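Enquirer: If you read the sequence shown in my numbering, its first letter stands for residue 651, the second for the next number, and so on.
Just so you know, the hints here were simulated from the structure itself, not pulled from any lab data.
Just so it is clear, the structure is predicted and the values come from calculations on it, not from any experiment.
All C-beta atoms in this analysis are idealised placements derived from N, C-alpha and C, irrespective of residue type, glycine included.
It is possible that some hints are incorrect.
As the list claims (entries may be wrong) - Pair ranges (Cβ atoms, derived):
1. LYS690 with GLU652: 31 to 41 Å
2. ILE660 with ILE694: 15 to 25 Å
3. ILE686 with LYS654: 32 to 42 Å
4. LYS708 with THR673: 17 to 27 Å
5. ILE686 with ILE709: 10 to 20 Å
6. ALA655 with LEU689: 28 to 38 Å
7. GLU652 with GLY683: 41 to 51 Å
8. LEU676 with HIS706: 21 to 31 Å
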Amino acid sequence: MEVKAERRHILKTFTWRIIATLTTTLIAWVVTGDPIIGLKVGSIEFVLKMVLYYFHEKIWYKIDIK
651 MEVKAERRHI LKTFTWRIIA TLTTTLIAWV VTGDPIIGLK VGSIEFVLKM
701 VLYYFHEKIW YKIDIK
């Protein structure tokens, strides 16, 4: 894989994770009424889903759909 595509995957992973984690944190806070629980859920979600998304993106990059 070329370096430019690799950088794009990494940057896209981080920007999406920030947006998605803020959403999850806010939802957890609203549902529980506790901002600390919202932050805990958001922290776990940030790391786990970032790794999963990165590999998901790499797999899709290799798939040739016509």
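Enquirer: So, for every hint listed, does it hold in this structure?
Expert: We went through each hint and held it up to the structure:
1. LYS690 with GLU652: 31 to 41 Å: holds (38 Å)
2. ILE660 with ILE694: 15 to 25 Å: holds (21 Å)
3. ILE686 with LYS654: 32 to 42 Å: holds (40 Å)
4. LYS708 with THR673: 17 to 27 Å: holds (24 Å)
5. ILE686 with ILE709: 10 to 20 Å: Given about 35 Å between the Cβ atoms, the range is violated.
6. ALA655 with LEU689: 28 to 38 Å: With a Cβ separation near 33 Å, ALA655 and LEU689 satisfy 28 to 38 Å, so the hint holds.
7. GLU652 with GLY683: 41 to 51 Å: holds (48 Å)
8. LEU676 with HIS706: 21 to 31 Å: Since the Cβ atoms of LEU676 and HIS706 sit about 23 Å apart, the hinted range of 21 to 31 Å holds.
In summary, the one numbered hint that this structure violates is 5.
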